[in-house]
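*Asks:* The listed protein sequences correspond, in order, to chains A and B.
Just so we're aligned, residue 1 is where the first sequence starts under this note's numbering, counting upward by one.
Just so we're aligned, residue 1 is where the second sequence starts under this note's numbering, counting upward by one.
The set of hints was computed from the structure by calculation and includes no laboratory data.
Just to be clear, a hint being listed does not mean it is correct.
Claimed, not checked - Looking from chain B toward chain A, a few residues come up when the C-beta cut is under 7 angstroms (computed):
1. T142
2. E199
3. Y204
4. P218
5. P300
What the hints assert, rightly or not - Some chain B residues near chain A, calculated using beta-carbon distances under 8 angstroms:
6. A33
7. P70
8. L200
9. R202
10. S203
11. A206
12. R299
All residues carry an ideal CB built from backbone N, CA and C; glycine is no exception.
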Amino acid sequence: MTSPAISITAVGKVFNPGRKGEVTALTGIDLDVAQGELVSLIGPSGCGKSTLLRLVGDLETPSAGSVEVNGKAARQARLDHDYGMAFQQAGLFDWRTVAANVELPLELLGWDAGRRRERSRELLELVHLEDFARHRPWELSGGMQQRVAIARALAMRPRILLMDEPFGALDEMTREHMQSELVRIQAETGATVVFVTHSIPEAVFLSNRVVVMSPRPGRIAEVVEVGLGERQEATRADERFFAAVTRVRSALRGSAGAATDSGVEVGAE
Amino acid sequence: MTAAAVSARPGAGGSAVRRALGRVALVAAAVAAVGLIWTGYKAMGAATGDVWPGTSRPLPVPTDDTTLPPFLDILRRFGEPQRTGDPAPLWQYLVDASLFTFREAFVGFLAGIVIGLALAVLMLRSHWLERGLLPWVIVSQTVPLIALAPVVVAWGNQLPFGYWQSWMSVAVIATYLTFFPVTVNALRGLMSPDRLPLELMRSYAATDRATLVKLRFPASVPYLIPALKLAATASVVGAIVGEISAGLRGGLGRLIIDYSQQYLTDPARLYCAVIAAGVLGILFVGLIDVLDRVLMRGRPREAT
Chain A
1 MTSPAISITA VGKVFNPGRK GEVTALTGID LDVAQGELVS LIGPSGCGKS TLLRLVGDLE
61 TPSAGSVEVN GKAARQARLD HDYGMAFQQA GLFDWRTVAA NVELPLELLG WDAGRRRERS
121 RELLELVHLE DFARHRPWEL SGGMQQRVAI ARALAMRPRI LLMDEPFGAL DEMTREHMQS
181 ELVRIQAETG ATVVFVTHSI PEAVFLSNRV VVMSPRPGRI AEVVEVGLGE RQEATRADER
241 FFAAVTRVRS ALRGSAGAAT DSGVEVGAE
Chain B
1 MTAAAVSARP GAGGSAVRRA LGRVALVAAA VAAVGLIWTG YKAMGAATGD VWPGTSRPLP
61 VPTDDTTLPP FLDILRRFGE PQRTGDPAPL WQYLVDASLF TFREAFVGFL AGIVIGLALA
121 VLMLRSHWLE RGLLPWVIVS QTVPLIALAP VVVAWGNQLP FGYWQSWMSV AVIATYLTFF
181 PVTVNALRGL MSPDRLPLEL MRSYAATDRA TLVKLRFPAS VPYLIPALKL AATASVVGAI
241 VGEISAGLRG GLGRLIIDYS QQYLTDPARL YCAVIAAGVL GILFVGLIDV LDRVLMRGRP
301 REAT
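Using the sequences and the accompanying hints, generate a full structural model.
*Replies:* What follows is the structure, given as structure tokens:
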């Protein structure tokens with residue numbers, strides 16, 4: 001095995017230290033993510049899974065410990081454009097066309113217009129939106145907007161994709177479709193993905209490993225190996241899929257008994 | 001999600017010619033309505049002897065032909081000579097004066113936008129500056145223009161370089177009224193992007209400058225448009241008041257002073273000058289409307 005893509009060592013995060021609203025969001029986090037691996041973070045609200053993702057992306061700085069990405073500090077990785085990020089909201093700029101939104105990171109890198117257009121066409125084909133390049137984001141459905149956001153996140157060919165509930169606002173059908181798309185895209189690009197979600201089936205379907213977290217203070221309760229290998233629609237009805245869902249669910253239940261009123265979607269139906 | 005709450009800008013389907021004709025018809029109808037009210041009011045005053053019908057309460061404005069010249073006389077006055085013995089009709093003088101005033105107003109307007117944007121960007125950069133500067137920006141607008149204008153004109157005349165001309169001092173006065181709405185709204189607009197787009201820019205390791213150009217400026221356009229409309233009318237007011245304070249010949253301000261001094265002999269002429277000033281303001285705002293359409297092309301308008 002080569003060195004890990006992400007290496008999190010003894011990380012803690014305290015918000016408002018020494019002040020009235022002091023909150024320990026994370027404590028004693030150790031986690032390595034291998035190159036090309038897809039890892040999900042799951043846990044009840046307030047378990048710090050989004051904070052952990054933001055620490056990896058250098059949107060927050062840790063209060064303790066270290067986050068190394070591709071062998072360098074998270075901040076350096078951000079400055080080197082190693083990241084692509086996608087959030088629950090697409091966050092597209094409504095004054096730009098779909099293609100111009102996808103090209104935004106490339107513009108910032110100083111790519112010329114010809115190369116940008118070529119790359120955005122490629123990316124929009126990847127997310128099956130090539131016919132919508134000239135449209136405005138607000139003319140698209142929520143699921144399509146989210147696909148544009150993912151295309152944008154991939155624009156700089158980031159080695160690391162950080163995704164914070166990117167499918168959380170989508171309906172179930174679109175959501176499952178997007179999950180399959182992400183699996184396909186990840187296989188094609190070989191990117192390392194860290195994925196925050198509330199949904200157990202989603203985490204299981206997508207991930208090589210599911211990191212189950214527990215709250216107050218946020219820490220890792222258990223890491224569940226999934227490894228479903230090649231995933232198709234049939235995988236969702238597979239024995240091994242349900243077995244993994246059950247393992248993640250019991251890990252969540254076991255984690256300080258906090259998962260009962262937590263808002264985690266436990267059912268796979 | 002937001003896609004449901006917004007709609008395309010109206011009027012995209014109708015032809016431009018039809019819309020323009022509709023506008024002309026609307027303006028004509030408005031002028032006719034004002035004329036009817038004006039004439040009706042005069043007729044009522046003439047019939048009752050300047051009291052409300054059935055009472056002895058006097059009308060707020062007397063209806064004699066000096067105070068309120070007949071509406072058609074005012075319209076007709078535009079075509080008559082400015083003064084006896086001068087072949088050029090009044091409207092020509094008014095157009096010339098309007099263009100003169102517009103130059104001052106427009107230069108002041110542009111300078112006001114530049115200063116307003118610069119102040120907003122400065123205040124955006126530093127909270128300390130915002131807290132230090134904003135009160136002064138507000139205080140600046142409480143100083144009466146009438147007091148300030150002569151000072152600006154006097155300073156302008158003292159400037160050592162010979163290039164400075166009086167109309168530029170007037171433009172400075174127009175700037176003074178213009179920069180305020182631009183500053184306040186630009187600051188709001190620049191601060192309008194929320195955490196998500198800002199963190200996106202951060203994830204791209206975008207510089208402050210790139211964030212300003214690619215995100216904050218475009219996001220501030222919807223906030224700037226209403227400020228520009230305010231600034232456009234304010235710059236016309238500033239230019240006219242400035243001309244009067246500076247005693248500058250050639251613009252509407254001076255004409256208004258001249259005509260009001262000869263009001264008793266020629267009342268309709270002053271009304272014509274006032275109408276010209278109003279039309280100038282309206283045309284200026286119309287210009288901003290065109291700019292609005294260009295800048296906001298393809299952007300959603302919140303359906304409120």
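*Asks:* Interface hint check: P70(B), Cβ to nearest Cβ on chain A, cutoff 8 angstroms. Holds or violated?
*Replies:* Status violated, d = 52 angstroms.
*Asks:* How about T142(B): closest beta carbon in chain A under 7 angstroms, or not?
*Replies:* Violated, because the Cβ-Cβ distance from T142(B) to chain A comes to roughly 36 angstroms (cut-off 7 angstroms).
*Asks:* With chain A as the partner, please determine if S203(B) meets the hint condition of a C-beta pair closer than 8 angstroms.
*Replies:* At 5 angstroms from the nearest chain A Cβ, S203(B) passes the 8 angstroms test, so the hint holds.
*Asks:* Is the shortest C-beta separation between P300(B) and chain A less than 7 angstroms?
*Replies:* holds, 4 angstroms
*Asks:* Quick check on the hint: Y204(B) CB to chain A CB, less than 7 angstroms?
*Replies:* Holds: closest Cβ of chain A sits about 5 angstroms from Y204(B), inside 7 angstroms.
*Asks:* Does the CB of A206(B) sit less than 8 angstroms away from some CB of chain A?
*Replies:* With Cβ-Cβ at 5 angstroms, under 8 angstroms, it holds.
*Asks:* Does L200(B) pass the interface check with chain A, least Cβ-Cβ distance below 8 angstroms?
*Replies:* OK, holds: L200(B) within 8 angstroms of chain A, min 6 angstroms.
*Asks:* Classify the hint on P218(B) as holds or violated, based on whether any CB of chain A lies nearer than 7 angstroms to its CB.
*Replies:* With a closest approach of 5 angstroms, the P218(B) hint holds.
*Asks:* Would you check whether A33(B) satisfies its interface hint, that is, whether its CB is within less than 8 angstroms of any CB in chain A?
*Replies:* Nearest chain A Cβ about 39 angstroms off; hint violated.
*Asks:* Going by Cβ atoms only, is R299(B) closer than 8 angstroms to chain A?
*Replies:* holds, 5 angstroms
*Asks:* Under the criterion of a CB-CB separation shorter than 7 angstroms, is E199(B) in contact with chain A as hinted?
*Replies:* holds, 5 angstroms
*Asks:* With a cut-off of 8 angstroms on the beta carbons, see whether R202(B) makes it to chain A.
*Replies:* holds, 7 angstroms
Hint violations for this structure: numbers 1, 6, 7, all remaining hints satisfied.
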